[in-house]
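Based on the hints, put chain H with the ligands in the right spot on chain U.
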Amino acid sequence: MMRTAISILKKDLRMEFRSKESILAMWIFSLLIFVIFNFTFEVSRLVMLEIAPGLLWVAFVFSGMFGLNQSFALEKENGNLRAMALMPVDGGQIYVGKFFSVTIIMLMFEALIFPIFIIFYDLQLSLGMFRLIPVLLAGTIGFTSLGTILSAVAVHTRNQQILLSLLLWPLVSPIIIWSVTLTGMVLSGEVTEAFYPLLLRVGAFDVIFFTLSYMLFDFILED
Amino acid sequence: MGVPALEVLGISKDFGRIIALRGVSFSVQSGEFVSILGRNGAGKTTLLNIISGVSRPSEGEVKLFGTDPSDRENKAKLAVISHEMFLYGNLTAIENLEYYSRIYNVPNPKQRIETVLNDVELTHRRFDLVATYSRGMTQRLTIARALLHEPSLLLLDEPFTGLDQHAIGMLITLLKKQKEMGRTILLTTHDLHTANELSDRYIVISKHKIVMDGLMTDTNPDAIREKFFSAEAGGIDS
Ligand SMILES: Nc1ncnc2c1ncn2[C@@H]1O[C@H](COP(=O)(O)OP(=O)(O)OP(=O)(O)O)[C@@H](O)[C@H]1O
Ligand SMILES: [Mg+2]
Numbered sequence: 001m002m003r004t005a006i007s008i009l010k011k012d013l014r015m016e017f018r019s020k021e022s023i024l025a026m027w028i029f030s031l032l033i034f035v036i037f038n039f040t041f042e043v044s045r046l047v048m049l050e051i052a053p054g055l056l057w058v059a060f061v062f063s064g065m066f067g068l069n070q071s072f073a074l075e076k077e078n079g080n081l082r083a084m085a086l087m088p089v090d091g092g093q094i095y096v097g098k099f100f101s102v103t104i105i106m107l108m109f110e111a112l113i114f115p116i117f118i119i120f121y122d123l124q125l126s127l128g129m130f131r132l133i134p135v136l137l138a139g140t141i142g143f144t145s146l147g148t149i150l151s152a153v154a155v156h157t158r159n160q161q162i163l164l165s166l167l168l169w170p171l172v173s174p175i176i177i178w179s180v181t182l183t184g185m186v187l188s189g190e191v192t193e194a195f196y197p198l199l200l201r202v203g204a205f206d207v208i209f210f211t212l213s214y215m216l217f218d219f220i221l222e223d
Numbered sequence: 001m002g003v004p005a006l007e008v009l010g011i012s013k014d015f016g017r018i019i020a021l022r023g024v025s026f027s028v029q030s031g032e033f034v035s036i037l038g039r040n041g042a043g044k045t046t047l048l049n050i051i052s053g054v055s056r057p058s059e060g061e062v063k064l065f066g067t068d069p070s071d072r073e074n075k076a077k078l079a080v081i082s083h084e085m086f087l088y089g090n091l092t093a094i095e096n097l098e099y100y101s102r103i104y105n106v107p108n109p110k111q112r113i114e115t116v117l118n119d120v121e122l123t124h125r126r127f128d129l130v131a132t133y134s135r136g137m138t139q140r141l142t143i144a145r146a147l148l149h150e151p152s153l154l155l156l157d158e159p160f161t162g163l164d165q166h167a168i169g170m171l172i173t174l175l176k177k178q179k180e181m182g183r184t185i186l187l188t189t190h191d192l193h194t195a196n197e198l199s200d201r202y203i204v205i206s207k208h209k210i211v212m213d214g215l216m217t218d219t220n221p222d223a224i225r226e227k228f229f230s231a232e233a234g235g236i237d238s
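Sequence order for the protein chains is U and H. Numbering follows my numbering, with no gaps: position 187 of the first sequence is 187. Numbering follows my numbering, with no gaps: position 202 of the second sequence is 202.
These are calculated hints, taken from the structure and not from any lab test. This one's a predicted model, so the numbers in the text were calculated from it and none came from an experiment. Treat each hint with caution, since some may be false.
Stated by the list, open to error - Now the in silico label distances, taken between C-beta atoms and shown as ranges: (1) H:ASN40 <-> U:ILE6: 48 to 54 Å; (2) H:THR123 <-> U:ARG14: 20 to 26 Å; (3) U:ARG14 <-> H:SER70: 28 to 34 Å; (4) H:GLU59 <-> U:ASP218: 18 to 24 Å; (5) H:SER70 <-> U:LEU13: 28 to 34 Å; (6) U:LEU13 <-> H:GLU59: 27 to 33 Å.
C-beta: ideal position from N, C-alpha, C; glycine also.
Chain U with its partners taken away, still in its complex shape (with noise of 0.2 Å):
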């Protein structure tokens, strides 16, 4: 069942790995980030704080953004989008198969990220951040579980990007205001009551968003 998933993934990864000019760039592109945000701005530290869980999804979801590009343009690249339609599989056991290597790359470019952010922000690393971890992983879901139908859509039309970023960002935008909260609140060791609540919102759309995408793949795939 999970076989054509599983193909799927760990063919995408071993070309990810193979090319390494895409994570030098997300790297190099998040790193910018920081570094303007940080000395354009004179801000006190403390308001530097309270944007700074934004400026972090930003950097995120530009990663991810790109990891999407990236992953259907190789897909467009010699036809391989078609020869999926032609594959005697359920069209779901693709949508599983690119969800997961999306996903994996994404969350691979933020664990770089991740870092510099701490370094530039200087942020006092405790226990209480690996609270962070879940809401990563809910955020990123979220995010890629729509992207990677979405890109499918997109793969088929000339401007590819622009009709991806127009479909994308109304759908997505609650789950990353939502995203760029929960960081905000374990970043600051303010983690409300309203935390979990939150947390689970999340999570449920991104079921939602993954069992209609899983369900609609078959009719994406053909023109």
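Then chain H with the ligands, alone, in the frame of chain U:
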């Protein structure tokens, strides 16, 4: 005769204002080798895309082995060679073939991969990235990939493109072997002599319609050229 391998029933296809096919019908028995001929823009590629199920007809329907082309069992029996390579440049030949043999659930993949690579004479380059291949080598690997899962219905859209004389001979030999094994083959080509050498039957499409459907034994390449592809036979199709 049992269920035909392929039935095309009253297919029409429009792309907006552009007409590609109008009321095309024919059927192909298992084991038949059919060449589809026609000028640039006649609608040959469109027809093959509809048969393989990647494109929907505006009207009419297609049946493979008596059922819907999008059935999983039908997809597993089908191979498509088109101008698209269906290969990842950033993977080696072996990695590409391994990937597809898992997807198509090929039994004994190692051995099968060795066989197809040998068939297209690429064994010596198997560990190189496909992106570093020449055009003709890529086309040969595309052929190997298509034959990997031992398909029983082959749709070949100008498969000789980019091949040198030697490789053309190699592909002809391969296709003859496929025919001997009882595979059903549809081929589009602009090379009437090759079409004549390989196929049992030919279909000519002109002005979006089938204008000729006959046996190769009843004709010869020059007669076909004279009748359908000469200057007197009329303008272009697109
Ligand atoms: N995706 C498309 N969008 C718009 N028009 C298309 C599309 N695909 C094909 N057509 C049109 O349909 C007609 C038939 O095209 P098709 O590619 O099937 O011809 P062909 O017989 O394969 O030609 P060739 O010998 O050049 O390969 C042409 O007029 C072409 O412009
Ligand atoms: Mg064509």
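Exercise for review: Any hints from earlier that this structure breaks? Give me their numbers in increasing order, please.
Suggested key: 1, 6
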